[in-house]
Amino acid sequence: LAKTTQPISMDSYEGQEVNITCSHNNIATNDYITWYQQFPSQGPRFIIQGYKTKVTNEVASLFIPADRKSSTLSLPRVSLSDTAVYYCLVVRGGSGGYNKLIFGAGTRLAVHP
Amino acid sequence: DVKVTQSSRYLVKRTGEKVFLECVQDMDHENMFWYRQDPGLGLRLIYFSYDVKMKEKGDIPEGYSVSREKKERFSLILESASTNQTSMYLCASSLEREGYEQYFGPGTRLTVT
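Top line first, the protein sequences correspond to chains Z and A.
Positions 1 to 113 (this note's numbering) are the ones given, in order, by the first sequence.
Positions 114 to 226 (this note's numbering) are the ones given, in order, by the second sequence.
Since no wrong hints were added, every one of them can be taken at face value.
Derived DSBU-like pairs (lysine-lysine); straight-line CA-CA distance at most 35 Å:
#, chain 1, residue 1, chain 2, residue 2
1, A, Lys168, A, Lys131
2, A, Lys184, A, Lys166
3, Z, Lys3, A, Lys166
4, A, Lys168, Z, Lys52
5, Z, Lys69, A, Lys116
From chain A, some residues computed to sit far from chain Z (all C-beta separations above 12 Å):
#, residue
6, Lys126
7, Glu130
8, Val132
9, Phe133
10, Asp139
11, Val165
12, Lys166
13, Glu175
14, Tyr177
15, Ser178
16, Glu182
17, Lys183
18, Ile190
19, Ser195
20, Thr196
21, Asn197
In case anyone wonders, no lab produced these hints; they're calculated from the structure.
In this text, a Cβ means the ideal position worked out from N, Cα and C, and glycines have one as well.
Take the sequences, apply the hints, and build the full model.
Below, the structure is given as structure tokens:
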């Protein structure tokens with residue numbers, strides 16, 4: 001599976017838009033990009049998944065350029081409650097079997113008042 | 114609202130004790146997973162199960178066993194707890210066998226003294 005690289009930490013302020021970029025240079029044709037969020041002392045929570053172009057849900061948007069070697073998670077107008085660790089994962093699709101979810105160190109986002 | 118519950122949030126056990134960690138999901142998912150999360154090591158898969166009475170070893174199964182007698186319940190068993198099994202244990206379930214979107218429980222922080 002493609003290795004992912006993302007910033008270790010980011011800081012932002014309430015009301016700002018936050019963009020977290022993840023690189024996955026060796027992504028394969030049938031790989032999907034998936035993002036999870038984890039609050040302290042809780043399990044990770046699925047945020048969004050995409051294959052190409054743009055995906056949007058009620059929580060975030062995911063932008064994936066044509067070459068798919070990177071992706072950007074966009075959180076609109078963050079609040080203090082968005083302070084968490086965000087993980088970018090590459091998941092292989094269509095295999096019919098279990099995909100090992102590899103959670104790296106993630107990006108620690110701190111939102112300040 | 115989907116839900117994965119774990120029997121305890123915090124647990125303290127003595128070395129050599131047999132420890133049972135219970136996980137229940139109410140989403141009728143066939144696929145369930147047990148992970149441990151340690152600082153600097155991310156989440157590591159211990160065991161997973163595709164169906165009742167089925168189990169597969171993950172990356173670090175040594176010292177652990179599992180039981181899946183009912184679809185909604187997946188138990189992790191530490192046969193003889195050791196101090197190096199002190200960790201945060203996370204249970205998850207998913208609808209797809211590929212495990213793209215996993216729903217995690219709140220975690221059990223186990224301390225073995």
